[in-house]
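Residue numbers (the working numbering), protein chains in the order written: chain H, 5 to 46; chain D, 180 to 286.
Since the hints were made in silico from the structure, they are not lab data.
Note that this is a predicted model, so its numbers are computed, not measured.
Please note that a few of the clues may not be correct.
Simulated crosslink set (EDC-like; lysine to aspartate or glutamate; CA at most 20 angstroms straight-line) [stated by the list, open to error]:
(1) K11/H x E244/D
(2) K8/H x D197/D
(3) K8/H x D250/D
(4) K187/D x D197/D
(5) K10/H x E259/D
Label pairs and their computed distance ranges (CB to CB) [stated by the list, open to error]:
(6) E262/D x R18/H: 28 to 34 angstroms
(7) G34/H x A225/D: 32 to 38 angstroms
(8) D206/D x G34/H: 27 to 33 angstroms
Glycine included, each C-beta is placed from N, C-alpha and C at the ideal position.
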Amino acid sequence: MVLKGKKVIVIGERDGVQGPAIEICIRSAGAEPILVLTQCFV
Amino acid sequence: MEGQETIKGTVEQHGKNDLLVLLGSPDANSAELYAETLTNGDPSWAGPLAGVSLGLPVYHIMEPEINAQIDTEVYKEHLEFLEIALDVKKITEGLNRVRQKNCTLNS
Chain H
5 MVLKGKKVIV IGERDGVQGP AIEICIRSAG AEPILVLTQC FV
Chain D
180 MEGQETIKGT VEQHGKNDLL VLLGSPDANS AELYAETLTN GDPSWAGPLA
230 GVSLGLPVYH IMEPEINAQI DTEVYKEHLE FLEIALDVKK ITEGLNRVRQ
280 KNCTLNS
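Bound conformation, chain H alone:
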């Protein structure tokens, strides 16, 4: 799956990788985050 040019829904997780970190990473790959969430899975 190529990230460049893609729109991305980011679902981070508090105990894993948080949303803002994923957002920064995918921007560096040329993707566009359109929704960024950080969940708490219980």
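Once you have looked at the hints, place chain D on chain H.
Relative to the frame of chain H, chain D by itself:
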């Protein structure tokens, strides 16, 4: 899963073309549950995505084919330390199960 209504609204607003989901789940179980919800609908039938098959491609940010595309310095700063904390192999296996099931359903 929290945020189902927001996700549903975002998909309706932007359409499914060139759209994918990236997860940051800490384990295979939660990754698989999110993927199942975002491809075939909420399996618990409790949220707004119950019975809604969005059919979105779902990947984890630590899967090799995804993280290989991230700038090296950015990866080192934000993700590299998580390589030892997350069982990427199991997470990938779980997501592959959902992707293959979705592929079979749509073929």
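Structure-based check of each hint:
1. K11/H x E244/D: Between K11/H and E244/D the Cα gap is close to 17 angstroms, so the pair holds against 20 angstroms.
2. K8/H x D197/D: Measuring from Cα to Cα gives roughly 10 angstroms; hence the hint holds.
3. K8/H x D250/D: holds, 12 angstroms
4. K187/D x D197/D: holds, 16 angstroms
5. K10/H x E259/D: violated, 23 angstroms
6. E262/D x R18/H: 28 to 34 angstroms: Violated: the Cβ-Cβ distance is about 19 angstroms, outside 28 to 34 angstroms.
7. G34/H x A225/D: 32 to 38 angstroms: Given a distance of about 36 angstroms, which is inside 32 to 38 angstroms, the answer is holds.
8. D206/D x G34/H: 27 to 33 angstroms: Hint holds: Cβ distance 29 angstroms, inside 27 to 33 angstroms.
The structure fails hints 5 and 6 (numbered hints given earlier, in ascending order).
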